[in-house]
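S.K.: Use the sequences and the hints to build the structure in full.
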Amino acid sequence: MKGRNKNLIEERDQKLYERFYCLVEVNRMRFDDAVKYLAEKEFFLSEARVIQLLRKKIQEGATVNGERFKFPLFMGFRDMKRTRIHNNKN
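For the sequence shown, counting from 1, position 85 maps to 85 in our numbering; every step adds exactly one.
Any given hint could be a false lead.
Stated by the list, open to error - Computed beta-carbon distance windows for the label pairs:
| id | residue 1 | residue 2 | range |
| --- | --- | --- | --- |
| 1 | GLU11 | SER46 | 15 to 23 Å |
| 2 | ARG30 | ASN5 | 31 to 39 Å |
| 3 | ARG30 | LYS2 | 36 to 44 Å |
| 4 | LYS36 | LYS2 | 27 to 35 Å |
| 5 | ASN65 | ILE9 | 15 to 23 Å |
| 6 | THR63 | ASP32 | 19 to 27 Å |
Just so you know, the hints here were simulated from the structure itself, not pulled from any lab data.
Every residue, glycine too, gets a C-beta built ideally from N, C-alpha and C.
M.R.: Next comes the structure, spelled out in structure tokens:
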């Protein structure tokens with residue numbers, strides 16, 4: 001098998017999303033502090049990549065124990081499913 005394992009990448013992305021959810025929603029850490037912490041201390045990715053992965057997971061409708069972010073728009077993220085449904089109603 002050549003290249004990167006897609007299953008492992010997806011697992012990493014889900015764990016990143018879960019840790020971000022925990023830091024922001026449970027521990028009440030600020031968005032930018034949570035991104036920086038995850039980028040530098042836990043996942044060793046750039047802050048831009050962390051934000052990109054979080055945005056992707058939110059757009060996919062990812063949950064943590066059935067819970068979603070209460071205010072994804074406040075953090076600059078859009079739920080594309082909701083946006084498409086809203087646009088189709090008009």
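S.K.: Next step is simple, just say for each hint if it's right about the structure.
M.R.: Hints and how they fare:
no. : hint                      : in the structure
1   : GLU11 / SER46: 15 to 23 Å : holds, 20 Å
2   : ARG30 / ASN5: 31 to 39 Å  : holds, 33 Å
3   : ARG30 / LYS2: 36 to 44 Å  : holds, 40 Å
4   : LYS36 / LYS2: 27 to 35 Å  : holds, 33 Å
5   : ASN65 / ILE9: 15 to 23 Å  : holds, 22 Å
6   : THR63 / ASP32: 19 to 27 Å : holds, 23 Å
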